[in-house]
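Visitor: If you read the sequences in order, they're chains Z and L. Okay, so the first sequence: first residue is 1 according to my numbering, each after it adds one. Okay, so the second sequence: first residue is 1 according to my numbering, each after it adds one.
Bear in mind the hints are in silico, worked out from the structure with no lab data behind them. Please note: incorrect hints may appear among the correct ones.
With beta-carbon atoms standing in for the labels, derived distance ranges [said to hold, decoys possible]: (1) Glu269/L <-> Gln33/Z: 52 to 60 Å; (2) Pro57/Z <-> Glu237/L: 49 to 57 Å; (3) Met91/Z <-> Tyr48/L: 41 to 49 Å; (4) Ile272/L <-> Asp296/Z: 47 to 55 Å; (5) Met91/Z <-> Glu238/L: 29 to 37 Å; (6) Leu88/Z <-> Leu328/L: 56 to 64 Å; (7) Ile198/Z <-> Pro324/L: 19 to 27 Å; (8) Ala127/Z <-> Glu277/L: 34 to 42 Å; (9) Met91/Z <-> Met189/L: 16 to 24 Å; (10) Met189/L <-> Phe86/Z: 24 to 32 Å.
Which bits of chain Z does chain L cover? Going by a derived footprint, with three or more residues having C-beta under 8 Å, they are [unchecked claim]: (11) 71-78; (12) 96-108; (13) 139-152.
Short, incomplete list of chain L residues facing chain Z, as computed with Cβ under 7 Å [stated by the list, open to error]: (14) Ile67; (15) Gly69; (16) Ile114; (17) Met189.
Here the structure is a predicted model, which means the values were calculated and not measured. All C-beta atoms in this analysis are idealised placements derived from N, C-alpha and C, irrespective of residue type, glycine included.
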Amino acid sequence: MPLMRYSEALRLAMTEEMERDPTVFVCGEEVGQYQGTFRVTEGLLSRFGPMRVVDTPISEIAIAGLATGAAMAGLRPIAEFMTWSFALSAMDQLVNHAAKITYMSSGRVTCPAVFRGPAGTGNQLSAQHSQSLESWYAHTPGFKVVLPFTPADAKGLLKTAIRDNSPVIFMEHAGLYAQRGEVPDDPDFTVPFGRAEIRREGTDVTLVAYSLMVGKCLKAAEKLEASGVSCEVVDLRTLVPLDMETIIASVARTHRVVVVQEEWLNVGFAAEVAARLADEAFDELDAPIRRVGGADVPMPYARELEQAAIPGEDAIIAAVRSIVD
Amino acid sequence: MSIQSVAAGAASDQGDADLLATYRLMLLMRRFEESLYRKYREGKIGGYLHRYDGQEALVAGVIPQLIRGDYVLCTYRDHAHAIACGTSPRAIMAELMGKATGCAGGKGGSMHLIDPANGFLGGDGIVGGPVPVSVGVGFAIKYRGDKNVCLCYFGDGAMNQGGVHEALNMAGLYGLPIVYILENNGYAMGTSVERSTGQPEMVLKAQAHGIEAETVDGMDILAVRDAAGRAIARAREEVRAQFLEMRTYRFVGHGVADNAQQQRFYRTEDEIAAWKERDPLIKLRNLLVAHGALTDADDEAMESEIRATIEDAIRFAEESPPPPLESLYEHVYAEG
Numbered sequence: 001m002p003l004m005r006y007s008e009a010l011r012l013a014m015t016e017e018m019e020r021d022p023t024v025f026v027c028g029e030e031v032g033q034y035q036g037t038f039r040v041t042e043g044l045l046s047r048f049g050p051m052r053v054v055d056t057p058i059s060e061i062a063i064a065g066l067a068t069g070a071a072m073a074g075l076r077p078i079a080e081f082m083t084w085s086f087a088l089s090a091m092d093q094l095v096n097h098a099a100k101i102t103y104m105s106s107g108r109v110t111c112p113a114v115f116r117g118p119a120g121t122g123n124q125l126s127a128q129h130s131q132s133l134e135s136w137y138a139h140t141p142g143f144k145v146v147l148p149f150t151p152a153d154a155k156g157l158l159k160t161a162i163r164d165n166s167p168v169i170f171m172e173h174a175g176l177y178a179q180r181g182e183v184p185d186d187p188d189f190t191v192p193f194g195r196a197e198i199r200r201e202g203t204d205v206t207l208v209a210y211s212l213m214v215g216k217c218l219k220a221a222e223k224l225e226a227s228g229v230s231c232e233v234v235d236l237r238t239l240v241p242l243d244m245e246t247i248i249a250s251v252a253r254t255h256r257v258v259v260v261q262e263e264w265l266n267v268g269f270a271a272e273v274a275a276r277l278a279d280e281a282f283d284e285l286d287a288p289i290r291r292v293g294g295a296d297v298p299m300p301y302a303r304e305l306e307q308a309a310i311p312g313e314d315a316i317i318a319a320v321r322s323i324v325d
Numbered sequence: 001m002s003i004q005s006v007a008a009g010a011a012s013d014q015g016d017a018d019l020l021a022t023y024r025l026m027l028l029m030r031r032f033e034e035s036l037y038r039k040y041r042e043g044k045i046g047g048y049l050h051r052y053d054g055q056e057a058l059v060a061g062v063i064p065q066l067i068r069g070d071y072v073l074c075t076y077r078d079h080a081h082a083i084a085c086g087t088s089p090r091a092i093m094a095e096l097m098g099k100a101t102g103c104a105g106g107k108g109g110s111m112h113l114i115d116p117a118n119g120f121l122g123g124d125g126i127v128g129g130p131v132p133v134s135v136g137v138g139f140a141i142k143y144r145g146d147k148n149v150c151l152c153y154f155g156d157g158a159m160n161q162g163g164v165h166e167a168l169n170m171a172g173l174y175g176l177p178i179v180y181i182l183e184n185n186g187y188a189m190g191t192s193v194e195r196s197t198g199q200p201e202m203v204l205k206a207q208a209h210g211i212e213a214e215t216v217d218g219m220d221i222l223a224v225r226d227a228a229g230r231a232i233a234r235a236r237e238e239v240r241a242q243f244l245e246m247r248t249y250r251f252v253g254h255g256v257a258d259n260a261q262q263q264r265f266y267r268t269e270d271e272i273a274a275w276k277e278r279d280p281l282i283k284l285r286n287l288l289v290a291h292g293a294l295t296d297a298d299d300e301a302m303e304s305e306i307r308a309t310i311e312d313a314i315r316f317a318e319e320s321p322p323p324p325l326e327s328l329y330e331h332v333y334a335e336g
């Protein structure tokens with residue numbers, strides 16, 4: 001299996017799907033001539049031409065409308081937002097149009113569009129460029145919400161997203177673009193939605209996470225192992241649909257759980273997982289459900305403050321320790 | 001034979017037939033809206049109800065000129081558009097009454113009529129909402145190389161929405177086969193154009209985005225048909241966006257809650273009366289009568305046939321079942 005970067009895996013997914021299906025096209029800011037702000041779409045313009053790799057003005061509302069309308073009229077657009085922070089301008093087109101047209105029309109019109117781009121915190125990008133907002137979309141019926149951690153998942157999940165007939169919110173993590181991993185080059189390789197992956201097996205505590213936080217959980221698990229605490233790490237991969245079955249099966253083995261998210265803790269996705277566990281697996285729990293999330297503040301610029309605002313291994317370790325012995 | 005020749009007095013059988021069909025369509029729209037209001041008052045229709053009375057020429061003079069494969073997007077004031085696209089009065093009435101047999105399965109209601117089989121991609125409940133969507137629809141037509149167009153209706157209030165300008169800029173930039181129809185009825189709910197923009201010359205705003213634009217008297221069905229015919233032909237043949245500002249007037253309130261008493265806050269009875277003098281339905285009737293193409297007896301027969309169509313639609317809707325409760329969670333996601 002070839003070794004490639006997360007960003008290259010995304011590009012491979014788009015290339016394969018564009019070759020497979022002539023209705024797939026890419027649009028967004030700097031996706032063509034500039035070769036992509038994060039190089040994810042590098043080379044696509046010369047390969048597929050300007051009708052299928054569409055450079056747009058800086059107009060997020062119209063980009064979302066372009067994808068939504070084209071999907072309603074039978075194409076399969078992949079709209080890139082330069083970052084998910086910039087997609088905030090487009091919330092009406094996303095939430096009130098893309099997510100609702102299928103339901104409002106009782107399925108007579110659908111919106112098979114993928115909205116993708118980098119999300120997440122870090123790099124001292126400060127308040128307006130450094131944030132995680134996946135819960136906003138997971139909260140809205142009609143979207144599927146995908147956050148891959150590994151390069152292989154980046155490819156397999158993006159291919160599934162492009163083939164899906166519903167609008168998909170596909171959040172990449174800027175901090176993962178350069179990560180390398182083995183990626184199947186089989187064009188038939190896809191990763192199904194709604195199936196979590198156990199990244200590390202363990203017996204004492206289940207750590208539930210997604211995207212970049214899976215990596216932090218794995219590092220925390222290594223350190224905890226050294227001090228005799230065995231952690232299982234579950235990578236959700238998709239928030240909608242959510243694989244509660246895998247989470248509950250893991251908790252049934254460990255009886256303790258910490259849910260980790262990068263986004264603000266207040267009203268975040270970890271609260272949803274915790275609530276469902278309380279409803280559906282209360283009897284399996286030997287300790288309170290713990291949540292780890294970002295500080296409930298706009299992201300500060302200063303490095304020291306930023307580090308204090310983003311959940312790290314220490315916070316995960318502290319949460320685990322608070323529920324073992 | 002063109003309608004201009006009818007207007008000029010050189011009536012022909014074909015010209016008469018076209019205009020009679022237009023008149024019948026406008027009459028159906030007007031009577032349909034009136035019946036909806038009655039059903040709303042009876043409690044058979046819920047939610048908001050936005051009527052098109054007075055604006056009929058903007059739809060009756062345009063949508064019948066479309067061909068198969070063309071698309072229509074419009075606002076929440078969408079009943080006339082659905083009728084003109086060919087959606088059955090039964091399916092429209094049933095949708096308004098929230099029935100399973102409605103054109104959106106009872107999940108859309110008045111503001112979200114839709115009928116893709118007839119090219120109608122729906123009413124949109126958000127001011128300015130359909131304009132960004134139109135960019136995608138127009139793009140899809142161009143992408144496939146089809147000789148089709150997308151008609152996109154929106155109101156004067158939408159001209160002050162940021163997304164509309166993003167979308168017009170993109171439509172102008174990419175040369176998309178879209179005909180924008182600005183339904184300028186003078187008021188965004190209760191706020192007049194004069195009170196909402198520093199530049200009330202709407203065509204300038206379209207031209208600023210590189211889109212050809214023209215102002216049309218929306219109370220004159222012949223002028224509407226003529227301008228729309230030219231704009232649709234240019235969009236179809238030359239594949240570039242067109243913009244028609246149609247000056248019109250809604251004879252009733254913004255929605256049912258905007259009653260006569262409420263309307264006194266923003267417009268006078270004299271103003272309403274002056275516009276009603278220019279009622280496009282009555283003007284067309286008078287034109288047809290003057291040319292001997294319509295008699296009082298013809299008119300009465302048409303009224304009676306339309307009454308029967310509407311009564312049939314009402315009966316159908318009232319006898320239809322509501323959507324089953326099991327359907328609550330259906331269609332949140334598309335199949336596959």
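Visitor: Does the hinted range 41 to 49 Å hold for Met91/Z and Tyr48/L at CB?
Guide: About 22 Å separates the Cβ atoms of Met91/Z and Tyr48/L, which means 41 to 49 Å is violated.
Visitor: Do three or more residues from the stretch 96-108 of chain Z put their C-beta atoms closer than 8 Å to C-beta atoms of chain L?
Guide: Contact hint for the stretch 96-108 of chain Z vs chain L: holds, 10 residues under 8 Å.
Visitor: Note whether the CB distance of Ile272/L and Asp296/Z lies within 47 to 55 Å or breaks it.
Guide: 53 Å, holds
Visitor: For the restraint on Gly69/L, tell me whether the closest CB of chain Z is nearer than 7 Å.
Guide: 10 Å, violated
Visitor: Regarding the hint that Ile114/L lies at the interface with chain Z, is the smallest CB-CB distance below 7 Å?
Guide: 5 Å, holds
Visitor: Within 52 to 60 Å: is that where the Cβ-Cβ distance between Glu269/L and Gln33/Z falls?
Guide: Cβ of Glu269/L to Cβ of Gln33/Z: about 59 Å, so the range 52 to 60 Å holds.
Visitor: Is it true that the C-beta distance of Met91/Z to Glu238/L lies inside 29 to 37 Å, as the hint says?
Guide: 35 Å, holds
Visitor: Hint says 24 to 32 Å; check whether the CB-CB distance for Met189/L and Phe86/Z agrees.
Guide: At 31 Å between Cβs, range holds.
Visitor: Three or more residues of the stretch 71-78 of chain Z near chain L by CB distance under 8 Å?
Guide: Three-residue rule met by the stretch 71-78 of chain Z, so holds; n is 6.
Visitor: Quick check: does the Cβ-Cβ distance between Pro57/Z and Glu237/L fall within 49 to 57 Å?
Guide: 26 Å, violated
Visitor: For the hint 56 to 64 Å, verify it against the beta carbon of Leu88/Z and that of Leu328/L.
Guide: 30 Å, violated
Visitor: Within 34 to 42 Å or not, the Cβ separation of Ala127/Z and Glu277/L?
Guide: 58 Å, violated
In terms of the numbered hints stated before, the structure departs from hints 2, 3, 6, 7, 8, 14, 15, 17, listed from lowest to highest.
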